[in-house]
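Participant: Using the sequences and the accompanying hints, generate a full structural model.
Protein chains: 6
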Amino acid sequence: VGVPSPDLRGREEILRVHAKIVKLGPEVDFKVIARRTPGFVGADLANLVNEAALLAARRNKPYVELPELEEAIERVIAGPERKNHMITEREKKIVAYHESGHALVAKLTPGTDPVHKVSIIPRGPALGYTLQLPTEDRFLTSRTELKSKLYVLLGGRAAEELVFKEMTTGACNDLEKSTGLAQKMVCEFGMSDKLGPMTFRKKEEEVFLGRDINRGTTFSNETGQMIDAEVKQLIMDGMAYVRKLLSDNRSKLDRLAEKLMEKEILDSDEVDSLIREGGPAVA
Amino acid sequence: VGVPSPDLRGREEILRVHAKIVKLGPEVDFKVIARRTPGFVGADLANLVNEAALLAARRNKPYVELPELEEAIERVIAGPERKNHMITEREKKIVAYHESGHALVAKLTPGTDPVHKVSIIPRGPALGYTLQLPTEDRFLTSRTELKSKLYVLLGGRAAEELVFKEMTTGACNDLEKSTGLAQKMVCEFGMSDKLGPMTFRKKEEEVFLGRDINRGTTFSNETGQMIDAEVKQLIMDGMAYVRKLLSDNRSKLDRLAEKLMEKEILDSDEVDSLIREGGPAVA
Amino acid sequence: VGVPSPDLRGREEILRVHAKIVKLGPEVDFKVIARRTPGFVGADLANLVNEAALLAARRNKPYVELPELEEAIERVIAGPERKNHMITEREKKIVAYHESGHALVAKLTPGTDPVHKVSIIPRGPALGYTLQLPTEDRFLTSRTELKSKLYVLLGGRAAEELVFKEMTTGACNDLEKSTGLAQKMVCEFGMSDKLGPMTFRKKEEEVFLGRDINRGTTFSNETGQMIDAEVKQLIMDGMAYVRKLLSDNRSKLDRLAEKLMEKEILDSDEVDSLIREGGPAVA
Amino acid sequence: VGVPSPDLRGREEILRVHAKIVKLGPEVDFKVIARRTPGFVGADLANLVNEAALLAARRNKPYVELPELEEAIERVIAGPERKNHMITEREKKIVAYHESGHALVAKLTPGTDPVHKVSIIPRGPALGYTLQLPTEDRFLTSRTELKSKLYVLLGGRAAEELVFKEMTTGACNDLEKSTGLAQKMVCEFGMSDKLGPMTFRKKEEEVFLGRDINRGTTFSNETGQMIDAEVKQLIMDGMAYVRKLLSDNRSKLDRLAEKLMEKEILDSDEVDSLIREGGPAVA
Amino acid sequence: VGVPSPDLRGREEILRVHAKIVKLGPEVDFKVIARRTPGFVGADLANLVNEAALLAARRNKPYVELPELEEAIERVIAGPERKNHMITEREKKIVAYHESGHALVAKLTPGTDPVHKVSIIPRGPALGYTLQLPTEDRFLTSRTELKSKLYVLLGGRAAEELVFKEMTTGACNDLEKSTGLAQKMVCEFGMSDKLGPMTFRKKEEEVFLGRDINRGTTFSNETGQMIDAEVKQLIMDGMAYVRKLLSDNRSKLDRLAEKLMEKEILDSDEVDSLIREGGPAVA
Amino acid sequence: VGVPSPDLRGREEILRVHAKIVKLGPEVDFKVIARRTPGFVGADLANLVNEAALLAARRNKPYVELPELEEAIERVIAGPERKNHMITEREKKIVAYHESGHALVAKLTPGTDPVHKVSIIPRGPALGYTLQLPTEDRFLTSRTELKSKLYVLLGGRAAEELVFKEMTTGACNDLEKSTGLAQKMVCEFGMSDKLGPMTFRKKEEEVFLGRDINRGTTFSNETGQMIDAEVKQLIMDGMAYVRKLLSDNRSKLDRLAEKLMEKEILDSDEVDSLIREGGPAVA
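Residue numbers (our numbering), protein chains in the order written: chain A, 1 to 283; chain B, 1 to 283; chain C, 1 to 283; chain D, 1 to 283; chain E, 1 to 283; chain F, 1 to 283.
Since the hints were made in silico from the structure, they are not lab data. Please read all numbers here as calculations on a predicted model, not as lab measurements. Incorrect hints may have been included.
[Claimed, not checked] List time: in silico DSS-like cross-link candidates among lysine-lysine, alpha-carbon distance up to 27 Å:
| id | chain 1 | residue 1 | chain 2 | residue 2 |
| --- | --- | --- | --- | --- |
| 1 | B | K184 | D | K194 |
| 2 | F | K93 | D | K83 |
| 3 | D | K194 | B | K165 |
| 4 | B | K177 | D | K92 |
| 5 | F | K23 | D | K177 |
| 6 | C | K177 | A | K147 |
| 7 | E | K147 | F | K92 |
| 8 | B | K92 | A | K232 |
| 9 | B | K93 | A | K232 |
| 10 | C | K232 | A | K194 |
| 11 | F | K92 | D | K244 |
| 12 | A | K177 | B | K184 |
| 13 | F | K92 | E | K244 |
| 14 | D | K92 | F | K93 |
| 15 | E | K177 | C | K194 |
| 16 | C | K263 | A | K194 |
| 17 | D | K177 | B | K93 |
| 18 | A | K165 | B | K244 |
| 19 | C | K165 | A | K147 |
| 20 | D | K83 | B | K93 |
| 21 | E | K184 | F | K93 |
| 22 | B | K93 | B | K184 |
[Claimed, not checked] Computed from the model, here is a short list of chain B residues facing chain D with C-beta under 8 Å:
| id | residue |
| --- | --- |
| 23 | T88 |
| 24 | L175 |
| 25 | T179 |
| 26 | Q225 |
| 27 | M236 |
| 28 | D237 |
| 29 | A240 |
Idealized CB from N, CA, C, for every residue including glycine.
Facilitator: Given below as structure tokens:
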């Protein structure tokens with residue numbers, strides 16, 4: 001399992017080490033940053049401090065302050081913002097509904113990480129993104145939580161289908177992630193009732209120079225069929241759940257997407273108030 | 001997903017950078033060139049400027065002007081023209097119908113990129129080509145648009161079959177592209193209703209020195225069968241659509257092919273007026 | 001089969017050799033340490049002495065004493081303790097039941113190695129662990145004993161399911177081990193009645209520089225199916241046994257888990273007295 | 001698709017370049033040679049000039065003349081003649097019928113390249129050969145023409161079977177070529193009605209140093225079965241056609257083979273007149 | 001087939017060569033040693049002489065005598081004795097029955113090599129061993145003799161099952177050998193009536209630097225199934241034979257195992273007399 | 001197909017070249033040697049001359065004479081004689097019948113190469129051998145002739161079975177050859193009526209440094225099944241033919257084997273007269 005990623009205290013210490021060579025504003029509290037970066041490893045945190053320093057320099061600030069650190073968190077997660085990237089109105093609308101789909105499913109499904117921000121300003125290779133940050137470090141994840149993760153991942157494609165009766169290439173990264181997650185649930189976490197508490201090595205492991213091993217499947221084709229069926233079932237059940245959830249909450253989805261097209265970025269409170277307007281959620 | 005290809009503004013800037021060492025005519029507007037080159041990456045644009053400069057030198061012009069830049073766009077897309085390439089009259093007729101098939105399907109199918117030019121002067125390894133240029137940068141493509149792309153790709157073979165009751169090797173490059181596109185729709189974009197919003201890694205990824213991984217299929221043979229069936233269905237449905245479309249518009253196809261045999265190159269307006277002559281299109 | 005791991009006498013001698021350069025407390029008896037380290041090879045023992053020396057230095061002791069050696073045994077088996085690792089109360093409870101599941105199955109199943117210690121202080125990559133040490137060197141293991149090993153491995157997941165009606169990622173390392181053990185029973189030890197006293201090479205062997213052999217399965221898919229079925233049967237039978245055992249002894253499990261949440265570490269005697277409180281075990 | 005092979009004009013120019021360092025007879029016309037060498041690439045043409053020069057030197061000629069160039073064409077296609085190669089009378093008869101089979105099918109099937117020469121003097125690794133040269137450059141080949149090519153390839157084996165009620169190893173090179181051609185028709189040219197206008201990558205592509213990719217089949221076993229069946233059908237249909245054609249024209253076949261045993265080489269006119277003697281062909 | 005192993009005369013000569021640099025006792029007769037080492041190749045014989053010299057030195061003998069050479073034969077076959085290796089009484093009993101099983105099957109089955117010695121003193125990686133030495137060089141082995149070899153290999157596991165109603169990991173090396181032998185009978189020696197006098201390459205051949213060939217199975221899955229079934233049949237028939245033989249001769253088995261636990265080593269005569277006590281054998 | 005092996009005239013010339021540095025007896029006629037060495041390539045002939053020279057030197061002859069050259073032919077084909085190799089009487093009898101089986105099938109089956117010599121003196125890795133030399137160079141081989149070759153290869157095993165009601169490992173080299181030959185008939189020579197005049201690449205081709213291609217089967221499992229079935233049919237039909245032939249000619253077989261045990265070597269005339277004694281052959 002290798003080295004586990006650092007916990008809250010560990011991240012704070014690592015930030016402190018990397019920040020030694022950077023001038024910091026008086027109000028900067030590394031505890032806050034550490035709390036917002038669960039899952040970050042040492043290299044990510046070093047990167048974060050570096051990006052913040054560059055941003056402060058670009059903004060002619062005498063020292064790094066909280067806004068630079070927060071922007072830096074997003075840069076590390078999703079890449080730099082591409083503000084002048086021109087997409088058509090039609091594409092903008094699709095992206096807005098896609099991201100609103102992710103955000104709404106996250107908000108309405110218990111056991112998901114809080115939505116911190118939804119944006120349709122392109123960042124890195126993505127046309128939009130929904131930033132979820134866990135409130136605390138997690139070391140165990142339950143089957144229910146993993147299913148919720150699947151739902152959120154599928155929310156973008158489902159929203160597109162619901163609103164435009166059409167699907168686009170925009171979801172292909174989500175689909176790769178959700179397929180991979182469902183496969184892990186079945187093959188690594190032993191979470192399929194049909195296959196039982198067993199592991200099935202499906203992915204090839206890394207090989208080193210001069211050690212070149214041909215690892216085909218290590219199970220029979222029939223076991224492979226059962227794995228495929230269970231993975232598909234997880235995805236299909238998730239898609240059915242998400243389609244119903246978004247359809248039942250269509251007005252919330254519309255409000256979110258419309259406001260997102262208008263303001264381009266929504267923070268957690270804005271998302272909450274837009275959802276609340278439509279009455280209590282039915283999850 | 002790697003680095004996304006530059007957008008309109010990005011292409012204009014890149015063109016400007018590469019053009020610094022080239023003398024340009026007064027009327028050259030890089031905005032126009034940038035608009036005609038969506039999908040071009042930095043290296044393509046550098047190549048474009050270079051080819052245009054060579055053409056201007058060959059034509060003894062004091063500076064690069066629009067015609068050189070336009071010819072250079074086609075060279076980058078399809079290779080240099082091979083004017084003195086001698087093909088038989090019979091082959092010329094087949095090529096003319098083949099390209100007219102592509103062009104007519106593109107003109108009559110909504111959601112395809114505009115036809116800029118149809119040519120039966122060999123260029124690069126191709127005996128003819130139909131130049132389609134999108135009007136704007138596209139970042140999302142819908143299933144409908146991808147199906148339309150399939151139709152255009154299949155139009156050449158379908159026209160040959162309709163007119164000559166025969167098929168030739170001339171379509172093999174089109175078929176490779178359309179098979180690959182249909183596979184991507186099913187395996188990467190999650191656009192098959194039967195297989196659902198999932199990804200299936202079918203293609204081998206690149207491996208690096210000393211890391212040599214044997215990646216066979218990562219799914220069972222039965223899943224593979226379903227993928228094969230869905231890919232085939234996309235192609236077969238596309239072929240049925242295209243056959244009917246060309247058969248219903250046979251006179252337009254004949255007019256296009258005849259004029260193409262006569263003039264060898266048709267621009268967008270010529271194609272439009274040839275199609276209009278035959279009455280409104282039935283798509 | 002390579003070099004067998006050293007026996008009791010061998011380990012004692014190896015410890016003596018490595019300890020020559022370390023100052024030892026008067027009461028240190030290598031016989032005791034050797035008895036607690038069956039299965040350790042030379043490198044493990046060298047590591048043990050080294051870790052003990054470092055601990056003594058950190059504790060400002062003039063020489064290595066028994067507590068350092070005992071802590072060092074656990075470090076070699078499971079990695080260093082991570083005391084300040086903060087996990088949520090919910091996670092702590094799951095871990096406590098998970099480890100109590102392992103420990104209780106081990107206590108109630110004849111033919112398992114004695115439970116030396118149960119801990120929910122994270123150590124190495126694990127959130128908790130149950131330390132079992134055999135009382136003597138073992139060179140032959142019977143099918144019954146291997147099945148008991150399977151039961152203990154499955155006890156953690158089974159306890160989670162029983163108590164929380166939920167499963168987590170916390171068992172994935174156990175599941176990898178139990179799947180691997182069941183496969184060895186079928187494919188290497190000839191312990192499946194259906195497949196008979198035969199061996200089936202399923203795992204790829206290591207290859208050396210420049211000798212790169214593609215070893216796929218060396219049997220037909222049908223034989224592979226039978227192997228998969230027998231391995232699954234072993235796991236499923238084990239899971240059924242463990243579920244019943246824990247369900248029948250639910251109050252013992254609760255007492256163990258509660259005390260573990262309170263004290264974080266339980267030694268063998270504490271575990272025994274907690275189990276005894278609930279009346280004689282029904283195995 | 002790489003660089004296309006040079007057309008007529010291209011070949012003439014290449015010949016001229018290579019011939020600069022060779023003394024040529026006054027009557028040598030490169031147009032003629034270029035017309036006889038469609039499909040030759042630059043290296044073939046360089047080889048041709050070189051072989052012709054060597055032959056002229058061996059014949060003590062002051063310069064290269066047409067006979068040397070013509071002999072050189074055959075050398076490039078089939079290797080050097082092996083005049084003193086002794087084969088038995090029985091083998092000679094089999095070879096004569098085998099080559100007559102190729103030649104007669106080529107003569108009686110429309111759409112095949114003209115037969116230039118039939119020989120049973122061993123050349124290169126072959127015991128005999130039938131030289132077909134296209135009359136003009138071809139850039140498109142129709143399904144009908146490819147089927148005709150199959151017929152000609154199968155003519156040798158079919159003639160052996162018809163006459164000797166026996167088959168020999170002499171056809172194994174023909175069979176490799178015809179199997180490969182039928183596979184290309186199905187898998188690359190999309191010419192199977194059952195599999196449709198699709199491509200199927202069956203052949204492994206070349207890999208470079210340090211990039212070692214395991215490319216298995218990229219389709220399911222069922223698709224593979226369908227491909228196998230379609231390829232076999234093409235071969236079996238071709239064999240049925242050829243068997244009937246040769247059987248219906250048995251007397252022409254006998255005349256060709258007998259004359260070939262007598263003269264060892266027949267040119268196009270001799271073949272024609274031998275066929276004509278037997279009345280009009282029934283194709 | 002490579003170089004055949006040396007015959008009796010060859011071994012004697014090789015021994016003489018290697019023994020030149022060693023001082024030998026007067027009574028040493030290499031003929032005797034050569035007769036006891038059929039199947040030894042040159043390197044084995046060099047090793048034998050070397051081990052004997054080391055033993056003589058350790059025993060402070062002025063020269064190598066017969067006891068050292070005999071001990072050296074066993075060292076070369078099975079590794080050095082590990083006298084102080086402590087195993088439990090229970091394990092000792094299992095090993096004693098396991099080895100008695102091998103020995104008794106060998107004694108009661110015609111066509112097996114004579115049992116030279118049975119030991120439960122661990123040697124090399126093994127906890128016990130039964131030393132069989134052929135009386136003469138063998139160059140042909142019949143199916144009957146190979147089946148007898150299978151029986152002897154299966155005798156250990158069968159004895160464990162009969163006596164303890166249990167199986168252990170102690171037989172896994174025997175099972176690997178018997179599975180491999182049965183596979184050779186079917187795939188290399190053409191000794192399966194169902195598969196016939198054919199060979200089936202199942203094992204991967206060694207590959208050399210830079211030549212890395214992926215050799216999968218070279219036959220269809222159905223043929224693989226038939227091979228698996230025939231191999232299993234050989235093992236299962238052998239196991240049935242051995243179970244009956246040991247069950248019918250249970251008292252002999254008990255006498256052998258008891259005496260072995262008492263004396264730890266039995267020579268051929270002791271084994272014979274222990275078997276004879278129980279009346280004539282029923283094979 | 002590479003370079004064909006030299007024909008009669010070619011071999012004579014090659015012998016002459018290599019023999020230039022060797023002193024030859026006056027009666028040596030290279031025409032004779034060339035006639036006895038069809039299929040030998042240049043390296044074989046060089047080897048032949050060299051071996052003959054060494055033999056002459058060992059025999060203290062002033063020059064190489066015919067006996068040395070003849071012995072050298074056998075050495076090149078089968079390796080050096082191993083006269084002092086001791087095999088048991090039983091093995092000798094089996095080998096005698098085995099070789100007589102080969103020889104008798106060869107004598108009684110039309111279309112096989114003449115038997116030149118039968119020997120049970122071990123040579124190279126073989127315990128005996130039957131030397132067949134074709135009377136002339138062959139460039140075409142018919143299906144009938146290949147079947148006859150199969151019969152001869154199977155004759156050894158069949159004779160063992162007939163006489164001893166037993167099979168031994170002695171035939172495993174024959175079986176590898178006959179399986180390979182039957183596979184070539186089906187997969188390379190297109191000689192299976194069921195599979196038709198097609199080729200199937202089954203064997204992996206050599207790969208070069210840095211080009212490492214994974215070539216699995218290039219056909220579906222069902223085609224593989226049909227290939228396996230046809231190959232097996234060829235072997236089984238051959239075995240049935242050979243069993244009947246040897247059974248019908250049992251007395252001839254006995255006479256051959258008995259004389260062979262007595263004299264150890266039989267030449268062609270001796271074999272003929274032994275066969276003739278028993279009346280005319282029934283093939």
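Participant: Now look at each hint and say whether the structure bears it out.
Facilitator: Hints versus structure:
1. B:K184 - D:K194: holds (22 Å)
2. F:K93 - D:K83: violated (50 Å)
3. D:K194 - B:K165: Distance ~17 Å between D:K194 and B:K165 Cα, so the pair holds.
4. B:K177 - D:K92: violated (49 Å)
5. F:K23 - D:K177: With Cα atoms ~49 Å apart, F:K23 and D:K177 exceed 27 Å; violated.
6. C:K177 - A:K147: Roughly 25 Å separates the two Cα atoms, so the pair holds.
7. E:K147 - F:K92: holds (22 Å)
8. B:K92 - A:K232: violated (50 Å)
9. B:K93 - A:K232: Violated - the C-alpha atoms of A:K232 and B:K93 are around 49 Å apart, more than 27 Å.
10. C:K232 - A:K194: Holds - the C-alpha atoms of A:K194 and C:K232 are around 11 Å apart, at most 27 Å.
11. F:K92 - D:K244: Violated, at roughly 56 Å.
12. A:K177 - B:K184: Judged against 27 Å, a Cα distance of about 16 Å means the pair holds.
13. F:K92 - E:K244: violated (35 Å)
14. D:K92 - F:K93: violated (45 Å)
15. E:K177 - C:K194: holds (19 Å)
16. C:K263 - A:K194: With Cα atoms ~38 Å apart, C:K263 and A:K194 exceed 27 Å; violated.
17. D:K177 - B:K93: Since the Cα atoms of D:K177 and B:K93 sit roughly 30 Å apart, the hinted pair is violated (cutoff 27 Å).
18. A:K165 - B:K244: holds (26 Å)
19. C:K165 - A:K147: Answer holds: C:K165 to A:K147 is near 15 Å, not above 27 Å.
20. D:K83 - B:K93: Roughly 47 Å separates the two Cα atoms, so the pair is violated.
21. E:K184 - F:K93: holds (24 Å)
22. B:K93 - B:K184: violated (33 Å)
23. T88: holds (6 Å)
24. L175: holds (4 Å)
25. T179: With Cβ-Cβ at 5 Å, under 8 Å, it holds.
26. Q225: The hint holds - B:Q225 has a Cβ within 8 Å of chain D, the shortest such distance being about 4 Å.
27. M236: With Cβ-Cβ at 6 Å, under 8 Å, it holds.
28. D237: violated (11 Å)
29. A240: Result: violated, 10 Å to nearest chain D Cβ.
When held up to the earlier numbered hints, the structure conflicts with 2, 4, 5, 8, 9, 11, 13, 14, 16, 17, 20, 22, 28 and 29 and fits the remainder.
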